[in-house]
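Trainee: Line by line, the protein sequences give chains A and B. For the first sequence, the residue numbers in the working numbering are 54 to 481. For the second sequence, the residue numbers in the working numbering are 54 to 481.
Worth double-checking, as some hints may not be accurate.
Simulated coverage check for chain A against chain B, where a stretch passes if three residues somewhere in it have a Cβ under 8 Å from a Cβ of chain B [as the list claims (entries may be wrong)]:
hint, stretch
1, 347 to 361
2, 382 to 388
A partial selection of chain B residues facing chain A, derived with a Cβ cut-off under 8 Å [to be verified]:
hint, residue
3, Thr77
4, His79
5, Ala85
6, Val376
7, Tyr387
If you want the footprint, here are the derived chain A segments under chain B, 3+ residues with CB under 8 Å [what the hints assert, rightly or not]:
hint, stretch
8, 187 to 194
9, 198 to 212
These are calculated hints, taken from the structure and not from any lab test. Virtual Cβ for every residue (Gly too), placed ideally from N, Cα, C.
Here is what each chain is made of, one letter per residue.
There are 2 protein chains.
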Amino acid sequence: MAEPVRIALLGCGNVGSQVVRLLTEHADDLSARVARDLELVGVAVRDAASPRAGVPHHLLTDDAEALVSRGDIDVVIELVGGIEPARTLVRAAMAHGASVVTANKALMAADGARLHEAARESGVDLYFEAAVAGAIPLLRPLRESLVGDRVRRVMGIVNGTTNYVLDRMDTAGESFDEVLADAQRLGYAEADPTADVDGHDAAAKAAIIASLAFHSRVTADQVEVTGIRGVTSSDIASARAMHGVVKLLAVAERLDEGRISVWVGPTIIPRDHPLGSVHGAFNAVVVEADAAGQLMFYGQGAGGAPTASAVLGDVVTAARNRVQKVVGVGESSYAALAVASPGEAVTRFHLIVDVDDRPGVLAAVAGIFAENGVSIETVRQEIRGEQDAELVIVTHPAPKRSLDATVASLREAPTVRSVVSVMRVEAL
Amino acid sequence: MAEPVRIALLGCGNVGSQVVRLLTEHADDLSARVARDLELVGVAVRDAASPRAGVPHHLLTDDAEALVSRGDIDVVIELVGGIEPARTLVRAAMAHGASVVTANKALMAADGARLHEAARESGVDLYFEAAVAGAIPLLRPLRESLVGDRVRRVMGIVNGTTNYVLDRMDTAGESFDEVLADAQRLGYAEADPTADVDGHDAAAKAAIIASLAFHSRVTADQVEVTGIRGVTSSDIASARAMHGVVKLLAVAERLDEGRISVWVGPTIIPRDHPLGSVHGAFNAVVVEADAAGQLMFYGQGAGGAPTASAVLGDVVTAARNRVQKVVGVGESSYAALAVASPGEAVTRFHLIVDVDDRPGVLAAVAGIFAENGVSIETVRQEIRGEQDAELVIVTHPAPKRSLDATVASLREAPTVRSVVSVMRVEAL
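Kindly produce the complete structure, drawing on both the sequences and the hints.
Mentor: Following this line, the structure appears as structure tokens:
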């Protein structure tokens, strides 16, 4: 057999160690699929002195920069995460002629366009299936299978931690704080859960999905984000009363006039919606296309082995391209659709508003909605106690901006004690 | 822009007319994605004299052979269906230098290996995403995304007609004959429903899926097939009593000793299994891989526009390869796993047996199972009337061969009036 395809790995944690395991255990299969051996020639880690199970000690190095700059690497697998030094390493790898496979959603969502540009200039591949929805093959179908169709909307559960928390709140009736503490104990949530709980992880994935689905450039900071800290047991119960369930959705949608809207937020969807039965830490993404109709992709969104499976799929593709001396399909941003500003996304909303229980309150509240151009679909009034009532309001579709203005006005109104919660409502 | 990519279409029925529509309506998008215009240069139909909406009359021809032999075609789309003349046309197209995109499951399942060989010899692409599960991107993920992983099992609902029938039997409590007649009236089932109802359509798809998933060659005639004609309302009710639901599953599974088993048959699965909630004419396929874990792909398995979406995805890929002057990933059959004989597939089974209601009958029946090496998990005895009882038996996992022998012995036994039904049980 000819020269092997030479691979360098940056980062050897949870995912990296599984990548090494698959490269070793499936070596024969991988060779057959690429028509060359895949040879791991170096593994960059923070502390090269401490041994790693399954990694020959002489492959370890703490000089990642030197590893990617050797000039004889065919494929660099970047599993460092975060923006820096990952970005510098990826760019150095490309400049030295290596194709790059990365699971780095933060980097791709922040700087994807420039990295694609750098890959094009260097004549190398840049693949990142593992950056979104772990093991689920989603980016390749979006990029290649649906390329003859027109995507209208992508709607997904792309963060396992928040789905685990919301699912537990729904099934066990526990509070956000209780479940989060438990999830941290069990390792489903990080010690610092900010990126997950506040929706930033989902927003990065939404930006990547939107870029591919709409052949446009979308960055994480263009995504309107609301996390799940504000979701209460009342919200869960209120959703249940509507035969719905609360999920943290990432949505990218084609608007009229050649624009797209991309947002992440807690959303009530019907319990019998395909996404309604996605439990625990699983991920699922629904794609709606003009001709294909509704498609769903479902699977494990995180974890060492599932993520490593997605990485290896990209590695095999990049390696085959090397062997054939071709470059795969790169970025497609020809449509160049503008991203609507955060206030423009139109959905229905569900609000819980705590008010004084006296005559005229409902009229006053309804008036505030009307003044802000938001039309109410249903109101349910529940008496909570002496002079205390709760209004559960579902609106007709309205722009987020109008809803925000309504909430601001409500907070000023003398009869309103508090706006307890605001969630979106989809497909219900 | 350079020379357009020249496309010929064979067949212009339900799918073909949608392909023409998408090629026309999405022309700008497609050009941007391929970096060339896609030009439809001929459409072969049975009667070129009768006009087709959306197809310029001068493109129509009734001489398909001449069209594919012109020598200036880049991509031939074969939507004729069936083995002949489709096979001859596809081979002629390849011999004259055209890549082929086909939705022809019968042809691929019968003769895939030789067609792949012919494509390799001619240096052209052969793509067939639309042949399995309509719009659902399944073959590409199997071929490319999971290529770094090892697939253990693929289990799917790949025939919409039978799923519609079984779903209606379950939800509306109607009989097979009632629902089938209705489905034919509504156009969900063909006037001659044999290919669907007897499982042959699903078997062809199972063969294609197994070939890709296990990098081996599997033909439709190697698939053990049972259709759904024998499924009764009692079966549906009995499944329901076990919190299960009857689905026509196509299963391809890696056995020990480097062999695979591939079968199609009515099967009881748990109602809360991901495949349990696939309703109506939808398709869904669960893939279980070593590293990726459980993945599911869900969507419309048939219909003009969904199938055309899959065809166009392949056309864009084939066209891009033309422009880049490369050939895509071809057949991968290096693993060359043997297909186990039909009797070897091991599953649990569910039987309904009509017996005389007198002492000793259960012992006699249990003895027959034991003699044939089939272990019983549960038996439920229901008294039907004077001296008439029904045994509902679920076995432990057993090879189909042993179960068949058991059923043959049961039919000989004096106390057994009839073996009313036999179904598999999975994941329950």
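Trainee: Could you tell me which of the hints above the structure violates, numbers in ascending order?
Mentor: 3, 6
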